[in-house]
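Engineer: These are the residues of each chain, in order.
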Amino acid sequence: ALAVTLAGCGGTTKKDSSDNGGDVKATDAKANPDAPLKKGLKLAFLPKQINNPYEKIVDDAGIEAAGEFGGKGKEVGPSDASASSQVSYINTLIQQRQDAILIAANDPNAVCGPLKQAMKKDIKVVAYDSDTAKECRQLFINQASSEEIGRSEVQHIAEQLDYKGEIAILSATQNATNQNTWIEFMKDELKKPKYKNMKLVKTAYGDDDDQKSFQETQGLLKAYPNLKGIISPTTVGIAAAARYISGSSYKGKVVINGLGTPNQMRKYVKDGTVEQFSLWDPKKLGYLGSYAAAALASGQITGAEGEKFKAGKLGEYTIGKDGEVILGPPTVFNKDNIDDFDF
Amino acid sequence: MSQADSTGVPVLALKGVNKSFGAVRALRDVSLELFPGEAHALAGENGAGKSTLIKTLAGVHRPDAGQVLLDGEPVVFHGPANARDVGIAVIYQEPTLFPDLSIAENIFMGRQPRRGLGRIDHKAVRSATAALMGRLGVALDPDRPARGLSIADQQIVEIAKALSFDARVLIMDEPTAALTGSETARLFSVVEALRAEGAAVLFISHRLEEIFRLCQRVTTLRDGRWVASEPLEGLTEDDLVRRMVGRDLDELYPKQDTRVGETALSVHRLTREGVFRDVSFEVRRGEIVALAGLVGAGRTEVAQAVFGVDRADAGEVRVAGTPLRPGSPNAAMAAGLALVPEDRRQRGLVMEMSIERNIGLTGLDRISGGGLVKRALERGRATDWATRLQLKYGKLSDHVGVLSGGNQQKVVLAKWLATDPAVLIVDEPTRGIDVGTKAEVHRLLSSLAAEGLAVLMVSSDLPEVLGMADRVLVMHEGRLVAEIPRAEATEESVMAAATGRTGKGRAAA
Amino acid sequence: MTATIEKPTAQAEAGRSARSLVDTVFRAREISIAGALVLLVLFTWIAEPRFLNDQGVKDLLLNAAILVLLAVGQSVVVVTRNIDLSVGSVVGLSAFACGKFVSGTDHGPLLVALLGIAVGMACGLVSGALVSFGKVPALVVTLGMLYIIQGIDYWWAEGEQINAADVPQSVLDLGSGSVLGIPYLPLISFAVLAVTAYFLRSYRSGRELYAIGSSPEAARLAGVPIRRRVLGAYVFSGAVAGFAGSLWLARFGTVVADNAHGWELTVVSAVVVGGVAIVGGVGTVWGAALGALLLTTIGSALSVLKVDSFWEDAIAGALLLAAISVDRIVNVRMTRALRKRSAR
Amino acid sequence: MSPLRGALRWDTAVGVLLVAVFVTGLGTTDGFASRDNLAFAFNDIAEVALMALPMTLLVVAGQVDLSVASMLGLSSALTGQLWDSGWAFETIVPVVLLVGVAGGLLNGWLVTKVGLPSLAVTIGTLALYRGLASVVLGSNAITDFPETYAKWAVDTTTIPGTFITYPVALFIVLAVVAAVVLHATGLGRSLFAIGAQEDAAYFAGIRVKRIKLLLFVVTGLVSAFAGVVFTLRYGSARADNGSGFEMLVIASVLLGGIDFDGGKGTLFGAVAGVLLIGILKNLLTLNDVANEVQVIVTGLLLVASVLTPRLISTVSEWRHRRAAAATSSG
Ligand SMILES: Nc1ncnc2c1ncn2[C@@H]1O[C@H](COP(=O)(O)OP(=O)(O)OP(=O)(O)O)[C@@H](O)[C@H]1O
Ligand SMILES: Nc1ncnc2c1ncn2[C@@H]1O[C@H](COP(=O)(O)OP(=O)(O)OP(=O)(O)O)[C@@H](O)[C@H]1O
Ligand SMILES: [Mg+2]
Ligand SMILES: [Mg+2]
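Which chain is which? The protein sequence lines are A, B, C and D, in order. Residues in the first sequence are numbered consecutively from 1, following this note's numbering. Residues in the second sequence are numbered consecutively from 1, following this note's numbering. Residues in the third sequence are numbered consecutively from 1, following this note's numbering. Residues in the fourth sequence are numbered consecutively from 1, following this note's numbering.
The following block holds chain A by itself, in its conformation from the complex (with noise of 0.2 Å):
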């Protein structure tokens, strides 16, 4: 092959191999739903990094649910966040032969070829989280619809400052996917007539830093003297600003809405200096992966679009265009319901 590319137009480009790397997901396997959930299935979760405190919650979840059904989960990865990382780790679980790996890919496509062999070697893979390139899982996870996300953040916010005044948004970094997303879906939504009295000024980004979200914040309130809402999409964001904003003058005069953790926010909820913000629940996102995972393994579904199977507690599920499972609305999050949640 090499010496006929190499004759054919003088070296290989990028051109010549786009028909690389067949599909290997050629499952013929027939979905059975009424297979039971086999017993004693083991599961792997890898999250992006082995320290992050998010995604221990989600596995810890996740393998709690596994003991629901008899099987037995187990948590691996590396400590550090970088593309390459995962890699070894799924060698290791090809090994020892786990019946799923469950994965939150630090880099869509450097995990793909041992994830691929994995499924070769007939390993279920569930991405959660963060999805790897389609054809290197048979099922994603997603939190929420990324649209629902974006909508309902300018939704809420709107709804608490009676549809009139600016806004900013508060990120994470320039080049965060499903950040990038989820402003173009609140951008969509603010076009609508009923919010013609409401303006988003400007977006900073904070990274992901406290203590440049922090700086961030304050830059805002200064600069746009006549701001009254922060939508901040991010855990470490919505955090640092809520923080700055309840040691400040502006307490109660500027409303914080977002994406953040019960734990990080409980104290300005209860300060007042948050009225509300949402996420989803991860427990339950560890929870639905586990049985997706464990649904696969024991032949009630192979990733079919339109395949359903039930997710223990939180009743049935579907599958998706691409093998995507959504886990449903974000949880609301406020003052009365606030303590029944601890992550």
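One or more hints might be untrue.
Quick list of simulated restraints, FRET-style, between CB atoms [claimed, not checked]: (1) B:L377 x C:L125: 46 to 54 Å; (2) C:F43 x D:W109: 25 to 33 Å; (3) D:V176 x C:G134: 31 to 39 Å; (4) A:K192 x C:E160: 36 to 44 Å.
When the alpha-carbon atoms are kept at most 16 Å apart in a straight line, the in silico EDC-like pairs for lysine to aspartate or glutamate are as follows [as the list claims (entries may be wrong)]: (5) D:K113 x C:E30; (6) A:K42 x D:E198; (7) D:K264 x B:D398; (8) A:K121 x D:D36; (9) D:K281 x A:D80; (10) C:K340 x B:D278; (11) A:K74 x C:E158; (12) A:K116 x D:D144; (13) A:K192 x A:E159; (14) C:K135 x D:D36; (15) C:K135 x D:D261; (16) A:K120 x D:D259; (17) A:K39 x A:E68; (18) A:K270 x C:D166; (19) A:K72 x D:D288; (20) A:K14 x D:E90; (21) A:K116 x D:E147; (22) A:K74 x D:E147; (23) A:K267 x C:D166; (24) C:K340 x B:E273; (25) A:K212 x C:D59; (26) C:K135 x C:D258; (27) A:K15 x D:E90; (28) A:K116 x D:D36; (29) A:K14 x D:E147; (30) A:K134 x D:D144; (31) C:K135 x D:E317.
No wet-lab data here; the hints were simulated from the structure. By construction, the Cβ of each residue, glycine as well, lies at the ideal position given by its N, Cα and C atoms.
Once you have looked at the hints, place chains B, C and D with the ligands on chain A.
Structural biologist: For chains B, C and D with the ligands alone, coordinates are given in the frame of chain A:
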């Protein structure tokens, strides 16, 4: 001259001391007594164990067996600080200075005068240093960092350090090896004064006349064994040599007559700003030319600039008529030049490397075949030269660092002679070498010259200069001030030129 | 004889004029860094006046405070011809330990600082004991300690995060409060810096650290208690790093296990840029502190100048190289000029 | 005495430890011995191992290059960017290697001509090269590299009948070359001399600067090549590829008993050090030992690598002294 009272209690003594390094037995059952008010010499060939003995007295080494006695009582020193605290001051063979610190700090490290709250009194440190320098008759600036001091100046700082203690015992391991006559004289007068105040002095030198000048008694070591302890009165130099070497010595300056051939090295108006200027001379085949001068006159710098390790600012060096590419020791070597540097620990040897590899280092292409180093060739080269120079060693694969100072010097010589040079520049070739070996080195230089080698010898040892050189070039403050043929070279004529007392009429051609 | 006295006098004269020049060269190290710093600040200020408003200056100082502190600790180790690569891990561990300790309590800042210092000292004690008593190469040991401390930190944290909300206000106030418009943190760093600098200059044990770095063999023969001093340097560096950890908590409020991960190289570069020779014996903590300030200011300036964040690393690296190269070239030129000037 | 001491040298000890770990793995751990796993385990450290070879030579000569991992990242980013803009892979590789040479030249030039310490220089280029990588590629990730080349880098392609992958095979060849250069040629002798006493080496006519420059260039070249291998192996070019590898490379070299002060060490030790880190990681992961424990184990091994020889020599010195005292008093 107060003859010591040998019946009194020695301030410091060794009794039956043994000390081994691995397989080397450096000291075997050695005893020594130092009395107050007495200058005691320690004599022996290179590697006889003199420095080891001193380090045992100074608490650097712990004896394997035997005792150190202070005022007649056995003591155990747990380190140099211990010995220092009881009043033992030591000048080690190799200067051990802090290159980054000022001369004043070097002298008073850990003992600086203090003012309130334990703070260092910087002013007092500086003035005490200046006073010491005055006492030694040199005017080194107390605030100047030790880096860049010549070996001689370093030795002077070491001496000042030892004097600053007001010690009861002053131990000096070849303090004069790098010094010229006048500095030595000054040192001796200071030592005399200390001795008169009741201090005990232990002195090592390979220059026998110095031993006779300064000391009252001498202890001789041979191969780590005690040979004799006796008064110097009534002893001749030959007696002493016989004790050290165990046989009578041949002539010390075996200068052979040679036929002087064509010019091998010619240096034309070589200048390095601030160090030396406008230096021109020639060395012909078969000739030994000495480069004399006071310490710091710039001789070492000239040698290094000729060899190309330092870049000259102006001037030209030709070897056998061909100009040398400046600033390239490699080109110099290819042209047949060799330089035995002055500072053997930093520049002469790779201390952590074995003897054979050090000797091989100057001829890597000669000991390789097909790109690979041939171990047999390497070892052959080393064995050959170790034998010719009568090197005293355990195994050729031992680190050179474990050799005694004199034997290290031989390795440096070996490594350069092995390159088969046409012009050999030797900077202080016999510094720290015992009389026996010195004669060997001289014979070697002499016979090499007879075979047609051109030798440029930088030396501070005046008898050596006079004994060996066909011509003497004298430098004074960075300039070549005189060229004296062998017949006219005397101690007076050379010293007169070196101290700048000659008229410019005699200046070099 | 007269001539012998004459000669050194001439030499000494040359030496004296040389010395004042030498002095200038050595001081030039600090001066040239300070100069670079001033240029950088001026340039940025002209391009973006807000760089030097109240908040801007505060930010600059705050950003540098912790790095300055670490650079001071590191310099003390580096002048002894050793190195402490474990500082980043120590800061991480100490910050987490302090966070864990105060979480949900109302312990005051003093207690937190003491805890941080204790944690740091413990780490420094282990590294220092291995280096000084084990007589093993510092680089290897402290690289090992970097991993060990990091591992312990991860293992202890288990992915837990301490949130600002759990940290008592009094501790957070230490990180954000100020006196006369100057935040506490840089004041604290400056105090530590000044005391350390004075100690290194004016106490025997301080000078002995330089002696050890300049020539360990000579130091041994001079009776310097090398092991004790090196151990002391490590304990100090550890204590400072631990203290920096507690300040980290006070400033950022939020801590996870891998805080300050990878900072060791930044700290070492600050020290090197500041003119502390990596082979020991040379340099001042003032220089190291200036180096740290320069590094953090480069970062701040680039972000104020709205340089695309992708360029930040590259420019910071290039500036670092430029700074040390210029310094070196100036130094070499001066030395050469000095040699020629002393020509007779 | 001396053969005993020889056997107790740390590089030998690392070799023995490596074999012991390997044998333990075979005996105790399911899946360890499988061809797939071994191929993977060795291939997984291929880039670190490749970079460790020139690093060993550098450290022996008393230098260090902390920018290797950044050069790997730059090479990866460049490969990705050029590939994405339609260059032929056959053109990309030489261009990227040239960039590696240029990077090495810059390091070497700053060290030899300007006269800066290599640690300081390469801390600077560590930031510079990584920065250039992100300038080249931003936060993009380029994928879809040609299968014709990618297959040579992955662990599923091995030399038939063995578990040796092609990157590992390349490593073996280069390791032999490096060992010969270091231990059997004049250049190798010069490296030891430069590392132990640079002045003395210079005075002996060794071209110190030229040799150092050469070393930095080779290191840059190998790092750039490692970048290509890395990119193909993961099928993903990103600016942050291999970040932090510099510490891993240095740790492996030091673990193998190479003295950071220069002038001491064997290539065998360095290779054993790299392999030990790789195998240990694989084995511990297979046994579900948590990552943080692995980090601690790496640290402990490093400390042991310098402490053990020290302890051994202290004990033997002590015994020797006792023996000497006994003979002299007897
Ligand atoms: N640290 C050491 N390790 C091993 N061997 C040593 C060590 N120090 C000295 N020796 C050996 O002990 C013997 C005595 O050495 P020492 O330095 O005492 O000789 P010396 O009489 O001072 O000679 P010189 O006149 O050349 O200075 C020599 O054979 C030397 O090689
Ligand atoms: N590395 C250096 N840095 C600065 N000054 C130096 C250096 N080496 C020598 N000098 C100074 O240069 C002058 C000439 O020294 P040089 O060593 O060439 O003299 P010398 O005649 O060989 O004396 P010596 O007998 O000490 O070797 C002296 O004033 C010396 O202090
Ligand atoms: Mg001696
Ligand atoms: Mg000289």
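Engineer: Quick one: are L377 of chain B and L125 of chain C within 46 to 54 Å, going by C-beta?
Structural biologist: At roughly 52 Å between Cβ atoms, L125 of chain C and L377 of chain B fall inside 46 to 54 Å, so the hint holds.
Engineer: Assess, step by step, whether the Cα of K340 of chain C is no farther than 16 Å from the Cα of E273 of chain B, and give holds or violated.
Structural biologist: holds, 5 Å
Engineer: Between the alpha carbons of K135 of chain C and D258 of chain C, is the straight-line distance 16 Å or under?
Structural biologist: violated, 30 Å
Engineer: Hey, K72 of chain A versus D288 of chain D, does the alpha-carbon distance stay inside 16 Å?
Structural biologist: It holds: about 14 Å lies between the C-alpha atoms, which stays within 16 Å.
Engineer: Given the proposed pairing of K267 of chain A with D166 of chain C, does the C-alpha separation stay at or below 16 Å?
Structural biologist: holds, 8 Å
Engineer: Given the hinted pair K116 of chain A and E147 of chain D, is their alpha-carbon gap at most 16 Å?
Structural biologist: Given pair K116 of chain A, E147 of chain D holds - Cα atoms ~15 Å apart, limit 16 Å.
Engineer: Between the beta carbons of K192 of chain A and E160 of chain C, is the distance compatible with 36 to 44 Å?
Structural biologist: holds, 42 Å
Engineer: Mind checking the alpha carbons of K135 of chain C and E317 of chain D for me, to see if they're no more than 16 Å apart?
Structural biologist: Between K135 of chain C and E317 of chain D the Cα gap is close to 15 Å, so the pair holds against 16 Å.
Engineer: Between K14 of chain A and E90 of chain D, is the straight-line Cα distance small enough, at 16 Å or below?
Structural biologist: With a Cα-Cα distance of about 12 Å, the restraint between K14 of chain A and E90 of chain D holds, given a limit of 16 Å.
Engineer: For the pair supplied as a hint, K120 of chain A and D259 of chain D, confirm whether the alpha-carbon distance does not exceed 16 Å.
Structural biologist: violated, 46 Å
Engineer: Taking 25 to 33 Å as the hint, is the beta-carbon distance of F43 of chain C and W109 of chain D inside that range?
Structural biologist: holds, 27 Å
Engineer: Given the proposed pairing of K135 of chain C with D261 of chain D, does the C-alpha separation stay at or below 16 Å?
Structural biologist: Cα-Cα ~14 Å, so holds.
Checked against the numbered hints given earlier, this structure breaks hints 5, 6, 14, 16, 22, 26; the rest are met.
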